[in-house]
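Student: Each chain, letter by letter, is given below.
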Amino acid sequence: MTEGTPLTYFLILGTIMFFIGIYGFLTRRNLITILMSVELILNSVNINFVAFNKYLYPDKLQGHFFTLFIIAVAAAEAAVAIAIIINIYRNFNSINVEDADEMKY
Amino acid sequence: MNILSLFVIIPLITMFSLMLTKGFKQARLVAAIGMGIQLIMAVVLVFMYLHERNTGNTQEMVFYDSSMWFPSLNITYTVGVDGIAVAMIMLTAIVVFAGIFASWDVQFLTKEFFISLILLASGVFGFFICLDLFTMFLFYEVAVIPMYLLIGLWGSGPKEYSAMKLTLMLMGGSALLLVGLLGIYFNSNPGGTQLTFNILSISKIVIPMSAQHLFFPLTFVGFGVLGAMFPLHTWSPDGHASAPTAVSMLHAGVLMKLGGYGCFRVAMFLMPQAAHEMGWIFLILTTISVVYGAFGAIAQKDLKYINAYSSVSHCGLVLFALLMMNKTTMDGAIIQMISHGLMTALFFALIGMIYGRTHTRLINEMGGLMKVIPFLAVVYVIAGLASLGLPGLSGFVAEMTIFVGSFQHPDIFHRICTITACASIVITAVYILRVVGILLFGPINNEHHLHLTDAKWYEKTSTVTLVLAIAGIGLAPLWLSNMIGDSLGPIMTQLSNAF
Amino acid sequence: MSNFNYTLFIVLIPLAMFLLLGLQGHKFKKLSGILGTTGLGIAWILSLITAYQYFFVYGNVGGVFKPMLAYNSVWLQMTETLHIDMGILLDPISVMMLVVITTVSFMVHIYSNGYMKDEQGFARFFAFLSLFTFSMLGLVIATNIFQMYIFWELVGVSSYLLIGYYYQKPSAVSASKKAFIVTRFADLGFLIGILLLSFNTKTFDFISLTDIHGPAIACGAGASFLGLSVMTWSLIFVFMGGAGKSAMFPLHIWLPDAMEGPTPVSALIHAATMVVAGVYLVARLFPVYAISAPQGLEVVGYVGCFSSLFAAVIACTQYDIKRVLAYSTMSQIGYMMVGLGVSHYGGEEGLGFMASMFHLFTHAMFKALLFLGAGAIIHAVHTNEMTEMGGLRKYLPITHITFLIACLTIAGIPLLSAFFSKDEILTAAFHNNKLIFFVQLFVAGLTAFYMFRLYFRVFWNKEPHYHHTPHESPLTMTIPLMFLAVCSIFAGYIPFSQFVTSDSKPFESVMEMGIAIPSVVVGLFGILIAFVMYKKETTLPDRISTGFSFFYKWAFHKFYFDELYLFVTKKIIFRFISRPVAWFDRHIVDGTMNGISAVTNYVSFQIRGFQSGQLQQYAYVFVSGLVGLALVILYAFVK
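Chains as they are written, first to last, in the working numbering: chain A, 38 to 142; chain B, 85 to 583; chain C, 1216 to 1854.
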């Protein structure tokens, strides 16, 4: 299926996704969207892993397994993050990231 | 077990026993017993030491013992004493003992107070018995850090500020010191053999000159901060003014001596060549200290400030005498440390007791106290006379030994410094008599002071112990002078080889 | 060689008394006076025995009085050669001083039993008197210069304690402080002198210092500084210490104020014993002065001469009877200094030395008598001011007679003791320095004048209104007066030149009529003027003082020396040195330290802004850091 498609395409896709994620992470104020941006970043990495594995070491599976791990960890992380966000919402009545700035000096 | 280790172990046991006590009465009793035993041990040590020497033990350090503590860095626990260390241990034991009694009526967190105080004391004892640079440094820190708590919690006036200032300046000093000590350590094997922290082993070799030029000032200044060397003395007035009585006593009486002792035992003993070359810079600074401290004291209004400046002057004289580098002045320097330790402890004890009665330390707010509290007043006069160098009390012995010794220096520059320092005896008389005149004599100028009570038994215990020690040294100085003088051989050899 | 070990007790008994009365005095109450007096009585007898044994039995070996060490032990070892010893040195001057001190002290002890009867701190007074006597005795028997310095300081402090005896009186407190600090300043000179001397001679020991064939004296021709040899400088510095204790110009200012102390104290310390310590010091080192530092001796002579004139002039204008006596003391000590200053070493040439010691001896007796008499007067009329006295001869017969004897003695009337001693000083001055001689002759006249001014004003003149009739003092006070009066009359017949001489060899001194007659005439003339002016109440004194109003004002204000010193101490030292030092310390040195911490604080306040709590800001920094790092790596490693 992927014959003829160069590796570069996948990498460009990964990079675009990564930077969309970074952009979202830095600019959105809503914690849920920030969390979604983080997911985007993780998935861009997943794409890279899978692509490199396929093109550079087709007879190995480490890349795939790593991706599976990341998906599992991301799921756990999303659960924890949403729990935190709910708590923040309960405390501040807002999920705006700028309102949660108690952790300073 | 080595007898010297007991000097660290007894305070530790006392501290643990203190933790088990209930109420302030039990706590102070336990502290007094512990330090009483320590004082007895110190007296025993003096006699054991003299006995060793009399039976022909000519080792540089007696009761020597060494065990490996941290092999990968060659840190050992090495103990041993000579006459000088014995004398300093005796001084510490006396001052701590008197200090416990002077703080007999501390009722705020008594247990914790005595624990910190004794922790400090154990650091000092450890410092004096150790012969390993690193262990020495460790005990030094143990002695310095409880000071922060003691001043910050039990102090008076701007205590947080003073505690912070004192701790930071002393920590700054120990930072320099640590670099200096590590510098000595890494240069302790010119032949490519094992590096060592052991003072005795290092004294056998000559540290390369380039290293000495770098590390002598660091070590000397590092210890000099604690010895209140101009211009690094300013922690002393504030620190002493805010500290509780016993802490002032211990601090001025003993802790400041760590500085002088360190300069002597580490900086000059291990790096004599640099001491010869760079001594003159510090000599000028200490001469300034001596005169400047005395002049500074004249203009003060607070009793503790007066004493703090007077300590700057007297401790300056210690370093001054060390830098003159002959046997008489070294002898005098050590006697001056002991003498100053005793009399300044006495002063601070008395100031604490007077403050406890009148609730002021400003001399202008008091007057005529001789009439109402004769015992304390008379002891204050004695302390004052000791401080201005009255013969028959310890100050005279120390000062005269220093002046006579340093005037024998062949170099004219050193003799001029000596004469300048001599001037301090007049200035000292001025500020001491000024205080005594205003504070104790004259009519009583505050009717609240008409019904003060004179010293309680524990206050008498505290002051009489110190007065006896001061008069003892002042009347019969020969044995002390000889005990110290006999132990000066190694450093004199070091210094004369350095020429 | 005899065993002089018992001399140790002369010193130790007063010390024991001091400790006993000082620590336990409150338990003895009135008994403490008797205890102290008894102790001193024993010491007095022991000193007399010592004097007899030394001068008549053992001391004279082959025509020379040998110095003897009755006791000596090392007190503190400084270097191999320099060590402070504690010991007892017996030689003519020290034995003479033992007698002087114990006699006067014993009399003063007896007298104080009456005089101080109603004072609080009776035991304390006797404790301090014993301390003083102990220190003074220790001073004169010192075997080495450092022992002398030690006891020198101790007499200073006992003087301080005794002047400040009435410690609730501010004037007494400040007088004691002044006395201590001025003498302390002089002692700084003494100490520097000792240091210089010991640096050159490598010894503290008097016997080796004053050995005229010894190495110490030979050091005289050492390096020089400002035209004088180092030896001369060191002896001038030593003399500075002596001048301070002996209230020589310009270090005299403490002595008049020291009269704030109880009168027996003034008699003992500030007239008879401590203030002559300076003379004794010079006499002790006399061979060194005379042989290796003659310029030093000249300084001694001129300072003594000027002081005696200066003090005599001031004494003529004062009204406080104790102050008049204080200035007279200063003037008489000036005489003794002159005696030393015009003397040479050895034989007849050493007449001045002998005369000076002689005068010291007689002066101690009559001046103690004068002070104790003044004490009796003050005791009777409760004031020091002579303007409030007059006609007292009726009320105080014994005091009157003894006081008159003392006045005649000090005026140099023939056949009384001071006539002989003063005459010998004048003779020595005449042969060595004419200028000093004439000044001293003039001072002799002034002395007679101001003493009789005092005498006539107090005992004759117009009687003021007394609140209660003055009455004669009790026996405890009059017995010492009578005893000292006898001494004042007969002390002059001791052939001093047989015992106390510069080289310890007796010689015959002869009286030169050519000098004795003018001095007597001058003395009588002074008495005559005083008689005319003060016998009856006249306006003559006032007219004279207005006639010389400018000069009178200066003399009355003691030539403004107190004001000058006050200016130097208060204004210059306190305000221009101490305050600025304290300010400098607080603001510059400490300010630097605080400045360092303030800078640290400021910087950290600035830096803490980075820790904003804003998650996205952290992320932004993180990402830009990452990008930056990536760029660096790309640039550095990827070609």
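Since the hints were made in silico from the structure, they are not lab data.
None of the values given here were measured: they were computed from a predicted structure.
A couple of the hints might just be wrong.
Unchecked claim - Using C-beta positions, here's what the derived DEER-type ranges look like:
id : chain 1 : residue 1 : chain 2 : residue 2 : range
1  : C       : 1826      : A       : 41        : 47 to 55 angstroms
2  : B       : 100       : C       : 1253      : 40 to 48 angstroms
3  : C       : 1287      : B       : 368       : 38 to 46 angstroms
4  : C       : 1239      : B       : 96        : 40 to 48 angstroms
5  : C       : 1221      : B       : 96        : 50 to 58 angstroms
6  : A       : 130       : B       : 252       : 41 to 49 angstroms
7  : B       : 385       : C       : 1819      : 28 to 36 angstroms
8  : C       : 1295      : B       : 103       : 52 to 60 angstroms
A virtual CB, placed ideally from N, CA and C, is assigned to each residue, including glycine.
Student: All hints are to be evaluated individually against the structure, with a verdict given for each.
Tutor: Hint by hint, here is what the structure shows:
Range check, residue 1826/C to residue 41/A: Cβ separation about 52 angstroms, and the 47 to 55 angstroms hint holds. The hinted window of 40 to 48 angstroms between residue 100/B and residue 1253/C is violated, with their beta carbons roughly 58 angstroms apart. Against the hinted window of 38 to 46 angstroms, the Cβ-Cβ separation of residue 1287/C and residue 368/B comes to about 40 angstroms, which satisfies the hint. About 43 angstroms separates the C-beta atoms of residue 1239/C and residue 96/B, a value consistent with the hinted range of 40 to 48 angstroms.
The hinted window of 50 to 58 angstroms between residue 1221/C and residue 96/B holds, with their beta carbons roughly 56 angstroms apart. Look at residue 130/A against residue 252/B: about 44 angstroms separates their beta carbons, and that is inside 41 to 49 angstroms. A C-beta distance of roughly 35 angstroms is found between residue 385/B and residue 1819/C, which places it inside the suggested range of 28 to 36 angstroms. A C-beta distance of roughly 54 angstroms is found between residue 1295/C and residue 103/B, which places it inside the suggested range of 52 to 60 angstroms.
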